[in-house]
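Chemist: Need the complex rebuilt from these two chains, each delivered in its own frame; the hints are there to steer you.
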Amino acid sequence: MPEPVRVPNLSKADQNRLAQSGIDLSMKNRCGSYLQMDQDIVQSECSQEGIEVLSYKKAMEKYDWIKEYAWKVVSPEKDDITRYVAAQKEPKGYVIIAHKGSNNIFPIQACLFLGREQIQHVHNIVIAEEGAELHIISGCTSGEHVGKGGAHYGISEFYVKKNAKISFTMIHNWSEKIEVYPRSASIVEENGVFLSNYVCMQPVKKVQMYPTATLKGANSVARFSSIVISTPGSHMDLGSRAVLEAPGASAELITRAITKGGTIISRGHINGKVAGTRGHLECKGLILQDGVVYAIPEIEGSVVGTELSHEAAVGKIAKDEIEYLMSRGLDEDEATSTIIRGFLDVKISGLPEALQQQIDASIDVAEKSGF
Amino acid sequence: MLHIEHLHVNIGDKEVLRDINLHINEGETHVLLGPNGSGKTTLLMTIMGFSTYTITKGTITFKGEDVTRMHSNERAKRGMGMLFQRPPTISGLKLGKMLSAISKTKQENIPELAKTVHMDRFLERDINKGFSGGEIKRSEVLQLMIQNPDFIMLDEPESGVDLENISLIGTNIGALLEKDKHLAKRKKCGLVITHTGYILDYLDADKGHVMCEGQIRCHGNPREILKDIKQRGYRECMECRNQ
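As you go down the protein sequences, you meet chains R and A in turn.
For the first sequence, the positions run 1 to 371 when this note's numbering is used.
For the second sequence, the positions run 1 to 243 when this note's numbering is used.
Rather than coming from a laboratory, the hints here were simulated on the basis of the structure.
There could be a bad hint or two in this list.
[Claimed, not checked] Simulated restraints, written as ranges between beta carbons of each label pair:
| id | chain 1 | residue 1 | chain 2 | residue 2 | range |
| --- | --- | --- | --- | --- | --- |
| 1 | A | 104 | R | 12 | 53 to 61 Å |
| 2 | A | 100 | R | 305 | 43 to 51 Å |
| 3 | R | 370 | A | 100 | 13 to 21 Å |
| 4 | R | 307 | A | 231 | 41 to 49 Å |
| 5 | R | 275 | A | 133 | 38 to 46 Å |
| 6 | A | 133 | R | 13 | 48 to 56 Å |
| 7 | A | 164 | R | 13 | 53 to 61 Å |
| 8 | R | 294 | A | 233 | 54 to 62 Å |
| 9 | R | 304 | A | 10 | 56 to 64 Å |
| 10 | R | 370 | A | 236 | 53 to 61 Å |
| 11 | R | 332 | A | 201 | 35 to 43 Å |
| 12 | A | 180 | R | 12 | 57 to 65 Å |
| 13 | A | 104 | R | 49 | 45 to 53 Å |
| 14 | R | 332 | A | 185 | 33 to 41 Å |
[Unchecked claim] Dumping the calculated DSBU-like pairs for lysine-lysine here, alpha-carbon to alpha-carbon at most 30 Å:
| id | chain 1 | residue 1 | chain 2 | residue 2 |
| --- | --- | --- | --- | --- |
| 15 | A | 14 | R | 319 |
| 16 | R | 319 | A | 97 |
| 17 | A | 129 | R | 319 |
| 18 | R | 368 | A | 104 |
| 19 | R | 319 | A | 77 |
| 20 | A | 104 | R | 347 |
| 21 | A | 129 | R | 316 |
The beta carbon of each residue, even a glycine, is placed where N, CA and C say it ideally should be.
The shape of chain A in the complex, shown without the other chains (with noise of 0.2 Å):
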């Protein structure tokens, strides 16, 4: 589904993510870990197709396509999605209003969906404004919903969330992603970033990957990894020089 290879992205003049490989295929979901400020969101970012993330060199094929010059819409078009971190808060913009630009010619039951994600008393709201953490996350999960994007990303998709919420946000999550399917017969994939695994609960990973300074530098089983971390933290990977 994803291929990225020998990616090279800059801020301004200022490189940020540096030869990254990545293969995710139908069904899969790949966890990326890495200590601040390690470059995982700038990966989303630049996946998606925002501006400010320059590719320098490499590719980024999605469906056998090459989306590298691509703007994020088309990518959108193509079946990309993206749970924001931090979304932007849009004045005066009503989050029924923009579900309802979203969904277009879809015929999706919006206040339906919405509940179902606890935000139906939220669509006549200024976008993320005044937002709790647990009820941006559930509006970025409700946006995705009603996109139903066949690769989808999510960025610490439990942070600033409680628990009660980590489970509802999951739960959705989970069958955005198929998770309710038999393997052979799940399609979509998903990268997740995620700090404390807990999301890790409702989406079965399938691979790791961890990133330091721009780079990846390991893979290996998700469970495994954030044993390790949790156990030994990001010391020994940020000494770690061979991929």
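Just chain R, same shape as in the assembly (with noise of 0.2 Å):
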């Protein structure tokens, strides 16, 4: 077992706050962590044979070839979030190759802490070579004590090769503080695998985000699942595309928007190049105080042969499945939770349980103070 992250200037208010986001500090459940607080690398390590876990700056320093996966599905000059990070005289951020083969049940952690600095600014590139299978956890989190508020801006590139998967399960637990700007990109290979998750129960300043797949390989799949819970003040703009260009590639984008009062913008996108592709778009909103939730869902098909549907709907809690659940002994407040939690209990496929269970904990927190 790896041994345990020492964080020796962090206070058990901090500590909660990732534990909340999914990083586990004990690292029982995990094979690989890597922490960043504010630009400071704490921490950079995996005990998983055929995994490594590296700064970006030794990943540079280490493989020569590694400067070809840089700013290649991202581009730099894609706006100013990537022209400030493409401008750092000193990247920061997590380099994982998982080599040939290689396969981890326990998830590598990676947590993004902002303690002090105004922006915190990352640069990661995530790499399964030929038929490995890697499973990330990406917890992003900021101090209690964050007082004037700051920015995250993290760009993300991963690459998953012929036969390989990779999941990528972000758990965000910012502050009304916190802007947050994620830039990430992929591309999918022959009968690769790709699995992204999002989980937002906590409130945040602004979050803006589209992250986009594209599958590349014959049978590539990719499937994006968010569940999301917005306050009041908190803007939240998400949105998730897959471009399939190869037979046989799939896609699944699947959104749970709850609003208490927030605005939520779900945006979706699948485009169909290529025959024999298929795509489906969801996007089920729940209000339950005035707010917003803007579903956008597009799907653009140009050939014969692409066969791509989507599904949106928006609106309460129906009286008469709450009274069902009272007449079975349960009140108001109870019946209403337990909706919730179905309707934000999407089983990802593919997971491994110890990431289900680190989804359904945050569901579970929200939960517990009411959602």
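Modeler: If you want it as structure tokens, here you go:
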């Protein structure tokens, strides 16, 4: 078992915030860890054979070929965020390489902690080589005392090679004063599988992201799942895109969005470019208190033989569902939270048990505070 | 156990039940007959406490306590339970999760109970989503087995159910109503809506009532009433204005 993570300068409250973001400081159910606090890299290690967790700098020193993977799927000229990160003299972030045929049962955790800095920037590269299976949980959180507020700029590039699989589960646990701008993209080769899960149950000032998966290889698969709750003052502009470029490629984009007064813009785009491709987009929104759930599903097919569909619904909890549970003895609040719990219960196939439990645990925390 | 006196019920501005009087004692099972739309389900939903049904006059007394204004969960806690004819589908909520929520601190073995009504393979399924008629009823019976109410209302337990499933459902409902116990020791009571009467093979009903146009028009031996209706239909009941 890997050594526990040591974070001597962190208060108990902040350690709890890390735990709520899916970061296991005991390392009991983790095989590797990357911990960056502001711009300091506290830890970067992995005990699993065939898998390396390196800082961006170290990876560039160790492997000459890594630079071929940097700024390849995300353009440095994309927007102000990418330009800012690309201009950094000392790029931070992690590089995770799962070498050919490796497989981790216990996930690697990557923690990005924003404490004092105005802007935390990272550039991450994740590579699963041929036949490798790689599971990562990324916990992003801020210290309880981030006074003036701050921002997180994160570039992530994913490469899923032939017959490989990457699952990337990101849990956001920021605060009312933090703005977050992830910029990520992935390339999936033949028979590759890319699972991207996003969970945000806690307040955040602003999140804006639109990760893209390009399915270049035959029979490749991408699945994006997002489970979010938006509280008053939170503005979440979330999207995901899949570009189907090879026969047999398929994508599924699933969102469960609840507003308790905040704004959620749920975008999605599936582009079927060749025959023999399939895609489905699903967004379900629940308005518990006046706020905004704005679903913008887009499906674009340009050849005979691509099959794309979408389903979007925004509404409230049906009264007959609440009363049905009440007639079984639950009070109104219990009935409501039982139904919300079910609404958020998206079982993600292909995800290791430890990660599904982590997603469930984030929902538990939200449920305990009455959603 | 249950006493309903001079009950009037509205849905919105429209009066749908008029001057209902019904008394069900410990150990008794009553049958409610009547044509479609006569108000049978409305009566059951009103007794259970659903908010769509507004009681404008009259009282419902359960175990000596006035429950007329109580929410349905309070009635459930006092021992009322209901088998719904068409329960809602709840997307995402797994049957097993719902059963645990109902069971709370009780120590029932949910998978074991589920096996007795052949629902063990449905615990990870969304409640009622894509369930067949028989599966819906078996899920309802399973929920009642966990709730274990003293007074059970059954809204057409045999509708949409094949004969084999009727036997399974009937036997288990019979057990819930303590039909296996001696008459003198039987405490549980029931109120059953049925059109076919098949379910009565398992329940041995004590009394029958016929509803027409929101009123209970007559009372009597359930088998005799059913036989009469099978032969003559409801036309005479509709014409009958005397209770």
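Chemist: Against the earlier hints, flag every one the structure doesn't satisfy and list their numbers going up.
Modeler: 1 and 4
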